[in-house]
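Let's have the full structure, built from the sequences with the hints guiding it.
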Amino acid sequence: MTSRLLDIITSPEPAVRNQPLEAVCAGLPASELLAHCDELETFRRSHDNLYQRVRALFFLYAIHRFHLPPALPGSRALIPYEAYESLLGRRFEESIRLLLKTQAAEGPSPGLSSALAAAYRSLAFQTLADQVRRSVRSVAGNRWMFRTGHTADYPLRLRPELTSPDPATGLFPVLRETTPVRMDLSHSGWSDIFFLGMDFPEGARVLNISIDLTVRRPGAKPQPPVESYLRVIDEPVLRLTSVDLGATVDLHTIDEVFDFAKDYLGLLKAAVIAAGLVPSGMEGAARPLSDLFAPLLGSPHLGLELVSKVNDIPKGSRLAVSTNLLSCLIAVCMRATSQAKSLTGALTEEERRVVAARAILGEWLGGSGGGWQDSGGVWPGIKLIEGVAAGEGDPEFGISRGRLLPRHTVWTEADVSREARERLQNSLVLVHGGMAQDVGPVLEMVTEKYLLRSGAEWHGRQEAMRLFDEILATLRAGDIRGIGDRTHRNFHGPIQTIIPWAGNHYTDGLIERVRAEFGSHFHGFWMLGGMAGGGMGFLFDPDSHPRALDRLAEIMPALKRELEHAVPFAMEPVVYDFAINPNGTWAELKTGADALLPAAYYSFAVPPLVRKELRSLPPSKRAELARFSAACQHDPSLSGAVEQLFERLLPRAAEDGPAGNSLPRLLAELGFDTQQHEKIRADLKAGRIGLAQNRLPASTTLEDAPRPDILVPDPRRSAPGEEAIRAGTVAVVTLAGGVGTRWTRGAGVVKGLNPFHRMAGRHRSFIDVHLAKTRRTSRLFNTTLPHIFTTSYLTHTPTEQYLCRLQNAHPGPVLLSPGRAVGLRMVPMVRDLRYAWEESPQQLLDEQKQKVRESLHAALVAWALSAGEAADYTDNLPMQCLHPVGHWFEVPNLLRNGVLRRLLDEQPRLRYLMVHNVDTLGAAVDPAVLTAHIESGAAGTFEVIDRWVEDRGGGLAKVNGRLRLVEGLAMPDERAEFALSYYNSGTTWLDIDRFLALFKLDRYSLGNETAVAAAVRAVTARMPTYITLKDVKRRWGKGQEDIFPVAQFEKLWGDVTALPEFDCRFALVPRRRGQQLKEVAQLDGWVRDGSAAYVEGLCDW
Amino acid sequence: MKPKKAIITAANPRQRSLPLQTLIDREGLERTVLEVLIEDTRRAGIEEVAVVVMPGDEDLYRQSLRAGDEGIQFLPQLTPPGYAQALLSAEAFAGREPFLHLVGDHIYSGGGESARRLLDIAAAEDCAVSAVQATREHLLPRFGVVGGQPVRGGRSLYKVETVREKPTPTEAEQSLVVSGLRSGYYLCFFGMHVLTPSVFRIIRGLTEHAAGPVSLSAALDELARQEKYLALEVGSAHRYDVGVRYGLLNAQLAIALEGEDREEVLALLVGLLAQRQADAAAEGAAAK
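Protein chains in written order, with our numbering: chain A, -19 to 1081; chain B, 16 to 303.
You may find that some hints are simply not true.
[To be verified] Which residues of chain A face chain B? A partial, calculated answer using Cβ under 10 Å:
1) Asn122
2) Arg123
3) Arg127
4) Thr128
5) Ala132
6) Pro135
7) Arg137
8) Met314
9) Thr317
10) Gln319
11) Gly325
12) Ala326
13) Glu330
14) Arg338
No lab work stands behind these hints, which were simulated from the structure alone. Values in this document were obtained by computation on a predicted structure and should not be read as measured data. Where is the CB? At the ideal position from N, CA and C, for every residue including glycine.
In structure tokens, the structure reads:
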């Protein structure tokens, strides 16, 4: 008999197939859930159908992640280290086998289920990614590139029109390709994700418009935003140049082309490979490129130059600029090698499809990914792009329901009249809101929810499909107001039903302000791409359109200024001018005296040349310089080129890096301890401290904490705690000095202020949530809990300003405890980089992404060596060069900065502090936990939770006989952590007097600043110093970002448990109370497993 | 009816002298490439041969013939130049009958046999037939290529649906894949065709609309759309393109190794290698 779950997976009936997992699993006991898991496991191993297997994997993931843990109270089988190691090494099947073996032997546990969930989920995504990769490779026209492994088999020839220099000028002809970008008028609920299109082709539809674009400014006219140029050069190299990134490289060997992350030219390299110019099959060949140029160009002494140019469009525009640039580069290479029949003008439909398939391949090669509509700029005008069911003869037939490549139907003026097109142009304000976004997690969430058919989200998708049909109809009717109404409803309805994080506080604020100002003249908001906040559209009455253009250029920066400490912005917001492009990608051949590259190219290509002896330049370069010089005098497109050239040749006096003079000033203001910094630098260089030295000695005896040694608060026993709260003996301390390094990948915003989730109808920040919990506790116990937020130099002022604005909303006392310590980041030691990448367990990435990562690692090692190991890191904004020095300091700071003394003066009955991390959203003043602390009589009680697979970074252990918290950095080896049952939640209950005693202080001596400072220094000196690597973003250009691993030191709060005179206990609390939100990717699971609702239940709004 | 006429094209301005290059045939006789080709046609049963040459080259070609070959016609290439136009120059010669067509810069091992088979098939099927060979994709830049379906019943016959001149592998994968062939292999022209007179009408039509030379492949692509057109895979035969680097040398060696002078040529090659090795050894000894 097949189970209902297998029926759901295999049924041909949509009504059965589209049922959610919850329809079967909700409320089942563990035994029945495990029986379902057994069936699903057998099924997925024995069935070939890709999507059935993948759906079974997602079901298994969801049962282990969401349904089993609450059904398994009290079970604590540990995750075997070998299974974790296999998981990191992407050996998912092996990991699952080991975990199931442990489950069979020791019984199920929430920890094992968490690891199984991670393994099943990863295997599901890996299976899907493998299928897309196979499909991309099997697209007709792409296969030969994977077969061509030797230069003798190279089959391409450059078109003769390009191979001979002009006899009069000596210049080789230049092939120029220009391509519009695309916007998606429908949003379509991310239905352009490959996995969706291949499983649900009937639901995969988008309305995609090719547009020319410019950032709005006087005199600027919309033009195709991306351009590429190809020409023969008389040097046997492949010269790749990105004009907008100001980067150029000469490649000499084939394997250099496959080194994607070595420089900023990875996209051009991916294009060269995806176009077949250097076929994929040649990866790893160390042969000179001249071996290819001989057959390609007819001479081993010639080479090729490929140039890309993005016309002033910032990164993250949600207009698929990079995919269309990739397509543009691929198209120009294909034309040049006769793979497209048309050397100039438009491409045929068949050629466009090959370009689109190759762009998918190029994105995969470069380790990035997009949707199947992204290369829409290759096609002209307005087009409907739809998923297509796989038929006999398609490589996907029998494997997936849909084809990899969709169908494009270009709409003529009979479909959408010229007037309607103009009206759309005259109504829409297209903007980039400036927010930095990582849409990767969103796309995974969408895929997961689709495959699970989660109830609300699946209905949201149906609604999005209905709205899509309405958008098509309103566009056909030329009803722009109607379009605005639908796109607005789409954003506020289905899109945010499927992914609540598609919207955000900033976007809501913009819409609110636009609505307030324009009223009924504002027709609606339109979201572009994966998340709001970057590329967005606002539709207006055509009469209001000019004013709306001006006003949005003011509203966006104003709101950005208000939120920039809370929300990660990558750039200043911009408003675009756009026009619908009627051509799609288009090429022209520039010959004779016109065979020049764009003016910006010469502004950085010429200076190195003019510094050389003229006669040492190849003849073509000399000819080009002469021609460029002549053209500058009369060609209007080169106006300003000479000034730019001089700017490059004679740059203004260099400053001391981006940090300039303000960094030393800032360090002085913040009381930076130069002596300590130099000592750390000396220790780091000498190898006395470093990642390897963070670890406890290998001889350390480290055992799991015995269960009887752990306090387990009893919810039924809470009276002493309640009484203590009522009596005003408790205050809350939230450690809020951090900048959410993992939350925003080093973007440097105040994590506590990030409005991360909508609660009670509004986006709420971490600080909002913590205050709301304090309000509720105060109300329940008829008291006023003081709430202290510790800050650092990075977070203090924005937090202070934010709390000032909240003053009336929160009744109790709110205090700030400003941080006193600051560090200056350093360039890492290569030894530490290698340790982090090679000797610490790392999550292996998907094959191609891993190659890109390894290439990036090599580049970062080169950076560390050239910048100087352990040198001060100053090549960034001053605030990004500094670092907080670990949360150890945040608690003693309460003593040093007088905050605790003032509080005790005002509230002498105060006796207990609940200290918790800003990430720990479930931490509330719980009377049962407080009772356990009071009754234990300890100086400090540290909350721990059962370990799940994602809980990395230490735990509770018996170290040489003493029970204490051990930081992950200090674990003697990787395996040790997996023997520990409990993970540190970061929440501590402190008995104030006994804590002061640790410093040999009491309430009365807190007023003696000198004594306090000496006491804190003495205890601090006993705390270990850890070296860590943190990712820091460096922003440049137009929304470009580099991420550098920099070294910094930390002292951590948990190590206080190692001090023998500090009497501490450890209390096991429920996961929902103790878990920390560290990464945006955790949000979805946090909502779905009920944690969000749990936290909301602790709040008063 | 079995075709009795053959047209050989030798008017490519860059290869006009190739057919006149001399080599030693299988019998050990000194012959020009053209003479070898004419001999192949005779063995296949062809009675009349026309060679299309560059205008002004007629006498040069005529003089190169041995006694007994006087019946060969030399026809000047009409303008504009181009492969297909070269064939058109022999339209009057061909009349309204199918004809055998060979290119002047190839030599075939067993060429007579291949031509005979081609003529037999054309007569039996009453249609145009081109000889093709399965060829690896890296050689696509050299040939015309056909796409189509195997004819039921085997005999290495294919129904031609598409013809492309020197396609890229990208295009070949999209429109020229033939079932039954190894991946990465395509049916490339062998340089030997039996064509129907319709091809002349098609070439005229294409020439009218073309700005430059028209390839024979373009005309045959159109022919495939208009009438039955087959391809015969000549798996065991070999062709030698004398127009490529060392092409003539390669062709000469191949012919010699198949013919009466095999031992002599082998001895020559072994002698050359031995001499080279002895020289190298002597140089090594002198260096010490």
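These are the hints, each one checked on the structure:
no., hint, verdict
1, Asn122, "8 Å, holds"
2, Arg123, "6 Å, holds"
3, Arg127, "5 Å, holds"
4, Thr128, "7 Å, holds"
5, Ala132, "7 Å, holds"
6, Pro135, "4 Å, holds"
7, Arg137, "5 Å, holds"
8, Met314, "7 Å, holds"
9, Thr317, "7 Å, holds"
10, Gln319, "4 Å, holds"
11, Gly325, "15 Å, violated"
12, Ala326, "18 Å, violated"
13, Glu330, "7 Å, holds"
14, Arg338, "9 Å, holds"
Checked against the numbered hints above, the structure violates hints 11 and 12; every other hint is satisfied.
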